[in-house]
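Those sequence lines, one after another, are chains A and B. Under UniProt numbering, the residues of the first sequence are numbered 1 to 720, in order. Under UniProt numbering, the residues of the second sequence are numbered 1 to 165, in order.
These aren't lab readings, by the way, just hints derived from the structure by calculation. C-beta atoms are modelled at their ideal positions from N, C-alpha and C, and glycine is treated no differently. This list has only true hints and no planted wrong ones.
Below, computed lysine-lysine pairings styled on BS3-like, alpha-carbon distance capped at 30 angstroms:
hint : chain 1 : residue 1 : chain 2 : residue 2
1    : A       : Lys336    : A       : Lys99
2    : A       : Lys682    : A       : Lys545
3    : B       : Lys150    : B       : Lys118
4    : B       : Lys36     : A       : Lys682
5    : A       : Lys682    : B       : Lys150
6    : A       : Lys336    : A       : Lys10
7    : B       : Lys75     : A       : Lys682
8    : B       : Lys75     : B       : Lys118
9    : A       : Lys416    : A       : Lys463
Some chain A residues close to chain B (C-beta under 7 angstroms, calculated; not the full set):
hint : residue
10   : Glu346
11   : Asn635
12   : Lys674
13   : Leu676
14   : Tyr680
15   : Arg681
16   : Lys682
17   : Val683
18   : Ala689
19   : Ile691
20   : Gly695
21   : Val697
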Amino acid sequence: MTIDISQFYKVFFDEAEELLAEKERLLLAVDIDSPDPEDLNAIFRTAHSIKGGASTFGLNDMSEVTHVLESLLDRIRKGEMALTSQHVDAFLAAKDILKMQLDGHRNGAEVDQEAVANVRMMLHDLSEGVIVPTHQPTVPSFLHAEQKQQVTEGAHRYKIELPDLAKRDVDALVDELGLLGRVSVVPLEAGRTALIIMTHEGLDDIIAICSFVLDPNDLRIFEAPPLTPEQRAREAAERARIEDEQGYGFFDPADPVDDATTDSSEDELGYGFFQPIEQIRLEVGIVAEVPPPVPAKPEPLEVTEVAAEKKAAKKAAEGGHAQGSESSSIRVSIEKVDQLINLVGELVITQAMIEQRSSGLDPMVHQRLLASVSQLTRNTRDLQEAVMSIRMMPMDFVFSRFPRMVRDLAGKLGKKVDFITNGAATELDKGLIERIVDPLTHLVRNSIDHGIELPAARVAAGKSESGRLFLSAAHQGGNIVIEVADDGGGLNRERILAKAKQNGLPVSDNMSDADVWQLIFAPGFSTAEIVTDVSGRGVGMDVVKRNIQALGGTIDIRSARGFGTTILISLPLTLAILDGMSIRSGEEIYILPLGFVVESLQPARADVKEIHGQGRVVKVRGEYLPLIPLYQMFNIEPRITDPCEGILVILEAEGRKAALFVDELVGQQQVVVKNLEANYRKVAGISGATILGDGGVALILDVGALLRSSRQLSDESVIS
Amino acid sequence: MSTQPTNKPNDAHDGNGSEYLAFTLGSEEYGIDILKVQEIRGYEAVTRIANAPEFIKGVINLRGIIIPVVDMRIKFNLGTPTYDQFTVVIILNIGGRIMGMVVDSVSDVTTLTPDQIKPAPEMGSAFNSDYLTGLGTVDERMLILIDIDKLMSSSEMGLMDRMAA
Numbered sequence: 001m002t003i004d005i006s007q008f009y010k011v012f013f014d015e016a017e018e019l020l021a022e023k024e025r026l027l028l029a030v031d032i033d034s035p036d037p038e039d040l041n042a043i044f045r046t047a048h049s050i051k052g053g054a055s056t057f058g059l060n061d062m063s064e065v066t067h068v069l070e071s072l073l074d075r076i077r078k079g080e081m082a083l084t085s086q087h088v089d090a091f092l093a094a095k096d097i098l099k100m101q102l103d104g105h106r107n108g109a110e111v112d113q114e115a116v117a118n119v120r121m122m123l124h125d126l127s128e129g130v131i132v133p134t135h136q137p138t139v140p141s142f143l144h145a146e147q148k149q150q151v152t153e154g155a156h157r158y159k160i161e162l163p164d165l166a167k168r169d170v171d172a173l174v175d176e177l178g179l180l181g182r183v184s185v186v187p188l189e190a191g192r193t194a195l196i197i198m199t200h201e202g203l204d205d206i207i208a209i210c211s212f213v214l215d216p217n218d219l220r221i222f223e224a225p226p227l228t229p230e231q232r233a234r235e236a237a238e239r240a241r242i243e244d245e246q247g248y249g250f251f252d253p254a255d256p257v258d259d260a261t262t263d264s265s266e267d268e269l270g271y272g273f274f275q276p277i278e279q280i281r282l283e284v285g286i287v288a289e290v291p292p293p294v295p296a297k298p299e300p301l302e303v304t305e306v307a308a309e310k311k312a313a314k315k316a317a318e319g320g321h322a323q324g325s326e327s328s329s330i331r332v333s334i335e336k337v338d339q340l341i342n343l344v345g346e347l348v349i350t351q352a353m354i355e356q357r358s359s360g361l362d363p364m365v366h367q368r369l370l371a372s373v374s375q376l377t378r379n380t381r382d383l384q385e386a387v388m389s390i391r392m393m394p395m396d397f398v399f400s401r402f403p404r405m406v407r408d409l410a411g412k413l414g415k416k417v418d419f420i421t422n423g424a425a426t427e428l429d430k431g432l433i434e435r436i437v438d439p440l441t442h443l444v445r446n447s448i449d450h451g452i453e454l455p456a457a458r459v460a461a462g463k464s465e466s467g468r469l470f471l472s473a474a475h476q477g478g479n480i481v482i483e484v485a486d487d488g489g490g491l492n493r494e495r496i497l498a499k500a501k502q503n504g505l506p507v508s509d510n511m512s513d514a515d516v517w518q519l520i521f522a523p524g525f526s527t528a529e530i531v532t533d534v535s536g537r538g539v540g541m542d543v544v545k546r547n548i549q550a551l552g553g554t555i556d557i558r559s560a561r562g563f564g565t566t567i568l569i570s571l572p573l574t575l576a577i578l579d580g581m582s583i584r585s586g587e588e589i590y591i592l593p594l595g596f597v598v599e600s601l602q603p604a605r606a607d608v609k610e611i612h613g614q615g616r617v618v619k620v621r622g623e624y625l626p627l628i629p630l631y632q633m634f635n636i637e638p639r640i641t642d643p644c645e646g647i648l649v650i651l652e653a654e655g656r657k658a659a660l661f662v663d664e665l666v667g668q669q670q671v672v673v674k675n676l677e678a679n680y681r682k683v684a685g686i687s688g689a690t691i692l693g694d695g696g697v698a699l700i701l702d703v704g705a706l707l708r709s710s711r712q713l714s715d716e717s718v719i720s
Numbered sequence: 001m002s003t004q005p006t007n008k009p010n011d012a013h014d015g016n017g018s019e020y021l022a023f024t025l026g027s028e029e030y031g032i033d034i035l036k037v038q039e040i041r042g043y044e045a046v047t048r049i050a051n052a053p054e055f056i057k058g059v060i061n062l063r064g065i066i067i068p069v070v071d072m073r074i075k076f077n078l079g080t081p082t083y084d085q086f087t088v089v090i091i092l093n094i095g096g097r098i099m100g101m102v103v104d105s106v107s108d109v110t111t112l113t114p115d116q117i118k119p120a121p122e123m124g125s126a127f128n129s130d131y132l133t134g135l136g137t138v139d140e141r142m143l144i145l146i147d148i149d150k151l152m153s154s155s156e157m158g159l160m161d162r163m164a165a
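Let's have the full structure, built from the sequences with the hints guiding it.
This is the structure in structure tokens:
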């Protein structure tokens, strides 16, 4: 009976990936001069957890690297060694190596063994240069360990738990099994015995031999990765002692081969199945730091997602010894969540239909029905919110990968960059998060590469030596606004214009700055020439823009020469549902995403002004806003052509404001966004469609496009 | 089978025939591969799409999905577009994309054997002959057989973005 643990690999991979990211984050944040012991402990913990997991799954290459890493970290943690930036670099390099190894196991990606060896060497060297600590006596030697592994190459190690048998029978079994390989006897509780056998023979043979003496059904057999003989001997002794104390036995711990020459407490730390918690704590000198994965004694430690999942996975890997589960989260495939969201979307529509149809009923006669409908409305709304929240993830998921990139890139370019993030807790739909990573990476890289100047240039310009790079995320109505800002040199207007002319783009010298900046999004606006100095941007910026637009977002640039550049990305919170305001123009109903709506008003006649040849503007609170008549934009048969008889909806998007002139406001409702392009194609000025309560279709206005085209309207041309 | 529009094994009835849905546009009778037809519906209110060609009537809600509706009679200047309870919309499924096609009426489903299908002449229908697969003869009737797949995904119809999806 071997246990198929392959299904837990994925959990481990995900977990390890998260741990590595966490580790990187901690490393980047650590204050080298006076490291916070908590941080060091946390870094140690991540390494330790990865090692434990890797060992459990027999990924020895990873556990080897983590082991050296852990030893070094442990020393730093205990104050036996001072943390230096050299250490941090080494740790970061080790993180990369681990990531590479992880990818190797996960996707079969290539693992650069030389790099692995180098990093191990580096870590090893770093830990060499210290006074030999009293507590942790040895430095691990890998060559040694690898040799040992070869001794038992290919052998299986089985643990056979026997029922209560006479000693004579046990001895007979040991003798018989001894013919297959090396056997050791471990006493269990209640007079039972466990045999550990290391053999090249198959399990069937072992069972066959056992069945001479007892009923094979009484056997419990586990397989474990092979141990080296030294380890085995030591471990057997250890297990005997601990199992006596604890009163129960576990699946054999997977063994990190490299542990051979280290202190046994270090070994146990790697997987920690056997030692009582107090003992572990005592030995590693920490309190409540290492989450002991001993299921029988759940500790109220970090009940983070990772920790909980890890516990669950480990328990399962132990072959169902642990009954029940206290895991606080589950991993679900995104498809299932999407399906759920779609279903809830349909429910929302149906609910809206019921609500609309029941609204005409006499409230006196149908009081009870109406009460039920309103309860349904409430429940549906709650359900929808709950379902949507499943998909939400904090932006930190994206942000956390940048500090490292900034550090490396700044180092490579010889620049100094302070990286500041804000709003990492802002939540965004997972689908969006995954797709925003690449464009953001590009923008951040651009900012460092082309935006922020070299320290000398900065000083010459009267700025601080280190440039500042801000990355922030914030909710703004129904949107999330992500900002990548630097205090670098800013865009070079003349250069962009010159380049645009050279590329044959229609430009003029009196274009507004905002329009000039948009030029860098033009396809093929390669920066081969303009990258030559601080101003150049645009490598693949068209791709960035396209990606953002594909997400229903918009991208905007603000830049001032010498003061830096800010790139604003505005994204919908989710692609699925939005709060909308339904408006009527002529006979047609459209949905305006509520996030863009500032206010609605009926203008006084004196506030509407005609600008000759430029269309109309309306004065709102001292501001003149362009007036966009929707009927004109969409060629709708108008009912009202006088803004003073209709309604103006003040919209704001991408820093622009305009007044949309519609006939009337119909209502406000949550709508399920349906894709038009699934069966049709992109429609200018329309971002999607939705189904109204009566089953009809209403189009959702693309406010950003409307505002952008408001200028073109003055030339009597339609949006394109 | 060379003149058949598709080589799909849809000839359950008589070994080597294909089934066509026959419909009329004005005085002409057309046939399309029945396998492209998802369902036939009455005409219902469509939501107009601004600045779309006239023959694209708009979009409708087909059980939760948004599909475009094309009026063939307008597209090909055949017949007078009238919309009443008898107007027929053929819902097509073209390569996973769903769309509606307004026609004057739907007559029947006809099985045509290869020898009933003649190559299409260069003229004689409102369609560009690129989209014709042949002329089918059923007794006294003549069906203009359309490669609806090709027609609907053509840039001429503008129903799909190039390289979309």
